[in-house]
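Trainee: Residues per chain are reported as follows:
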Amino acid sequence: MADDARKKEILEKLRNGVIQYDEDACREGANAAVAEGLDANEAIFDGLVSGMEEVGRLFEAQEYFVPEILMCADALYAGLDILKPHCKQMDLGVKGSVVIGTVEGDVHDIGKNLVKMMFDVAGFHVYDLGRDVPLDKFVDEQLKTDSELVCLSAMMTTSMVGMPKVIEKIKAKNPDCMIMIGGAPTSKDLADKWGADGYAEDASNALKEAIKMVAFLKKLRDEKAAKQ
Amino acid sequence: MNSRERVLKLFKKEAIDRVPCFSGMGNITETGINELGYKFAGIHLDAKQMAATAATTYKLFGFECGVVPVDLCVEAEAMGCVINVYPHAEGILYPTIKEKLIHNEAEMDTIRIPDGFSEKGRIPMMREAIKLLKADIGNDVAVGSYVLGPFTLAGQIMELNDLLKLSFKKADKVAKLLDLCADAIILTAKEFEKAGVDYITVREMGATSDVLSPRVFKNLIMPPLQKVIKSISCHSVLHICGKTNDIVTFMMEAGPTAISVEQKNDVAESRKKLGSDALIFGNVDAYNVLVSGSEDLVRSTVRKCIDDGVSAVWPGCDIWPTIPPQNMKAMMDEITRYGGKK
Numbered sequence: 001m002a003d004d005a006r007k008k009e010i011l012e013k014l015r016n017g018v019i020q021y022d023e024d025a026c027r028e029g030a031n032a033a034v035a036e037g038l039d040a041n042e043a044i045f046d047g048l049v050s051g052m053e054e055v056g057r058l059f060e061a062q063e064y065f066v067p068e069i070l071m072c073a074d075a076l077y078a079g080l081d082i083l084k085p086h087c088k089q090m091d092l093g094v095k096g097s098v099v100i101g102t103v104e105g106d107v108h109d110i111g112k113n114l115v116k117m118m119f120d121v122a123g124f125h126v127y128d129l130g131r132d133v134p135l136d137k138f139v140d141e142q143l144k145t146d147s148e149l150v151c152l153s154a155m156m157t158t159s160m161v162g163m164p165k166v167i168e169k170i171k172a173k174n175p176d177c178m179i180m181i182g183g184a185p186t187s188k189d190l191a192d193k194w195g196a197d198g199y200a201e202d203a204s205n206a207l208k209e210a211i212k213m214v215a216f217l218k219k220l221r222d223e224k225a226a227k228q
Numbered sequence: 229m230n231s232r233e234r235v236l237k238l239f240k241k242e243a244i245d246r247v248p249c250f251s252g253m254g255n256i257t258e259t260g261i262n263e264l265g266y267k268f269a270g271i272h273l274d275a276k277q278m279a280a281t282a283a284t285t286y287k288l289f290g291f292e293c294g295v296v297p298v299d300l301c302v303e304a305e306a307m308g309c310v311i312n313v314y315p316h317a318e319g320i321l322y323p324t325i326k327e328k329l330i331h332n333e334a335e336m337d338t339i340r341i342p343d344g345f346s347e348k349g350r351i352p353m354m355r356e357a358i359k360l361l362k363a364d365i366g367n368d369v370a371v372g373s374y375v376l377g378p379f380t381l382a383g384q385i386m387e388l389n390d391l392l393k394l395s396f397k398k399a400d401k402v403a404k405l406l407d408l409c410a411d412a413i414i415l416t417a418k419e420f421e422k423a424g425v426d427y428i429t430v431r432e433m434g435a436t437s438d439v440l441s442p443r444v445f446k447n448l449i450m451p452p453l454q455k456v457i458k459s460i461s462c463h464s465v466l467h468i469c470g471k472t473n474d475i476v477t478f479m480m481e482a483g484p485t486a487i488s489v490e491q492k493n494d495v496a497e498s499r500k501k502l503g504s505d506a507l508i509f510g511n512v513d514a515y516n517v518l519v520s521g522s523e524d525l526v527r528s529t530v531r532k533c534i535d536d537g538v539s540a541v542w543p544g545c546d547i548w549p550t551i552p553p554q555n556m557k558a559m560m561d562e563i564t565r566y567g568g569k570k
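In order, the protein sequence lines correspond to chains Z and V.
When the letters of the first sequence are read in order and numbered with my numbering, they come out as residues 1 to 228.
When the letters of the second sequence are read in order and numbered with my numbering, they come out as residues 229 to 570.
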């Protein structure tokens, strides 16, 4: 087991690897974490996710834009792919599966992929339906997988209008399912009007919302650990 | 002064009796489609149906233009992409690109504009639709068309995800691709001009300042965009979506006759920045106001646009076809009532 100084160094490498979109650094950091017996969950949250939180901040400050975020995401995945097989099942009292996709008529999936990344990080089981997904497919997949969360994404006004139909159908069959909508043309008003439980208007907001959610999960984990 | 004279005089910065209300983007309505007994999926593939539908927004509501096409896939299709018009969809789904042309970085170097480009895809059909539309309502309103901006087109023919990353990592490679896209767009615009359009809107939607830094916009997006706009000899409008306040000066520098902005742009600010002479079109929210807003909201939005200093009241995106007819009427009524007051 690595000592505290070494552990800090590895976490820092993972964090900076994400911020500086350096895939190699993330891979090295992740390999070191595994080889030296760091807790994989800790390496993910205190290394990779912590880096992504800073990326979110840089985006908000308009120092980073979407191209940078996409590269940071690649770096995060480079580390995550190595760490994930070593993760312990997180016992958070949530089952954690999500159906996600871009609605029919829309072929944009960047925002969707960023949100998906955060669910991956949080250990959710992600059913990614991809893009240009027929509306009924969301409903069927939710029923089939009994997922507690469905995320619908649209980049174009012209494809967003399919969303209320999906929300209505899912809520009719499964009122407890949470639905998050996202994409440039969506708004809090539309989410309320259509009966969605959450919304994110752009990739950064989606990322922020997802980070918030994952940060919340992390808090639960820490609290649980503190009690033990 | 009829609508055609009003809009053309506006483009020439001559005196007009009131602010016009028109668009350079799609503006067909379900009311118009139903009146003609057409299906949305059909009008993209038939010059007659496309032109007849495009004329209805003027004929039914007095909207001050006629614009074709309706979708955003004309150039990409002529480049060789396969499009999906969703022929069996119940509701309204706009055509999308089914298959990209560039699947990896290496293919960015090998892509070429097909020989005989002006006869590819639906470009001949577009010439026909423009001519039909002009013959139908061309004496009463200005007839417009639109092309994509180079970056937006590049985002259709390759993965946007890759394009964005490469515009950071390998800007030279992307610049070369954007230049090729610009050439394809220039060829497309030439055909539209030959068919007789009065104005062309260049829609660089993918390059919003929500996505790319002003620096990347200036270094990478501007040069090919400028090339496209320079090549257009009729009136041109440059449209960019999103929070454009930081780039409106660049947009003007690209050289269009007018710029078009959406509701996320603070027009009063833009007006201050660009001066009283600049033509700024905008910025009615094409969905939250025109489709789901009340008639009162439509009217107050029209007034706010005028008070903020738009040169023309103009939806910030394609009008979504399910716009209630009473909202369309409210917009046109308010423009005649309030449009001459400033």
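Among the hints, a few may not be true.
[As the list claims (entries may be wrong)] According to the in silico footprint, chain V covers these stretches of chain Z (three or more CB under 8 Å from chain V):
1. 43-57
2. 62-68
3. 159-168
4. 171-177
[To be verified] In silico lysine-lysine, BS3-like type, Cα no more than 25 Å apart, as pairs:
5. Lys422(V) with Lys446(V)
6. Lys492(V) with Lys193(Z)
7. Lys165(Z) with Lys326(V)
8. Lys137(Z) with Lys404(V)
[Stated by the list, open to error] To give an idea of the interface, some chain Z residues facing chain V are shown, with a C-beta separation under 10 Å as derived from the structure:
9. Tyr21
10. Asp22
11. Met71
12. Asp74
13. Glu104
14. Asn113
15. Met156
16. Lys224
In case anyone wonders, no lab produced these hints; they're calculated from the structure.
If you're wondering where the values come from, they're calculated on a predicted model, not measured in any experiment.
Beta carbons: idealized from backbone N, C-alpha and C, even for Gly.
Trainee: Does each hint hold? Answer for all of them.
Mentor: Here's how the hints hold up against the structure:
Coverage of the region 43-57 of chain Z by chain V is violated. Counting CB-CB distances below 8 Å, 0 residues qualify, and the rule asks for three or more. Coverage of the region 62-68 of chain Z by chain V holds [criterion: at least 3 residues with CB-CB distance below 8 Å; count 5]. Counting residues of the region 159-168 of chain Z whose beta-carbon sits less than 8 Å from any beta-carbon of chain V gives 4, enough to reach three: the coverage restraint holds. Given a C-beta distance limit of less than 8 Å, the hint that chain V covers the region 171-177 of chain Z is violated, as 0 residues qualify and 3 are needed.
Restraint check for Lys422(V) and Lys446(V): not satisfied, since their Cα atoms lie roughly 31 Å apart, outside the 25 Å limit. With a CA separation close to 21 Å, the supplied pair Lys492(V) and Lys193(Z) stays within the 25 Å bound. Using a Cα cut-off of 25 Å, the hinted pair Lys165(Z) and Lys326(V) holds, with the two alpha carbons roughly 24 Å apart. For the proposed pair Lys137(Z) and Lys404(V), the alpha carbon gap of about 39 Å is over 25 Å, so the pair is violated.
Taking 10 Å as the C-beta contact cut-off toward chain V, the hint placing Tyr21(Z) at the interface holds, the least distance being around 9 Å. Interface hint at Asp22(Z): violated, since its Cβ lies 12 Å from the closest Cβ of chain V, which is beyond the 10 Å cut-off. Satisfaction of the interface hint for Met71(Z) is found here, the shortest Cβ-Cβ separation to chain V being roughly 6 Å, below the 10 Å cut-off. Restraint check, Asp74(Z) versus chain V: the minimum CB separation of about 8 Å is within 10 Å; hint holds.
Hint on Glu104(Z) holds. Least Cβ distance to chain V is approximately 6 Å, under the 10 Å limit. Residue-level restraint check for Asn113(Z) holds (minimum Cβ-Cβ distance to chain V is 7 Å; threshold 10 Å). Because the smallest distance between the Cβ of Met156(Z) and any Cβ of chain V comes to about 7 Å, under 10 Å, the interface hint for this residue holds. A cut of 10 Å between beta carbons decides the hint on Lys224(Z): the least distance to chain V is about 36 Å, and the hint is violated.
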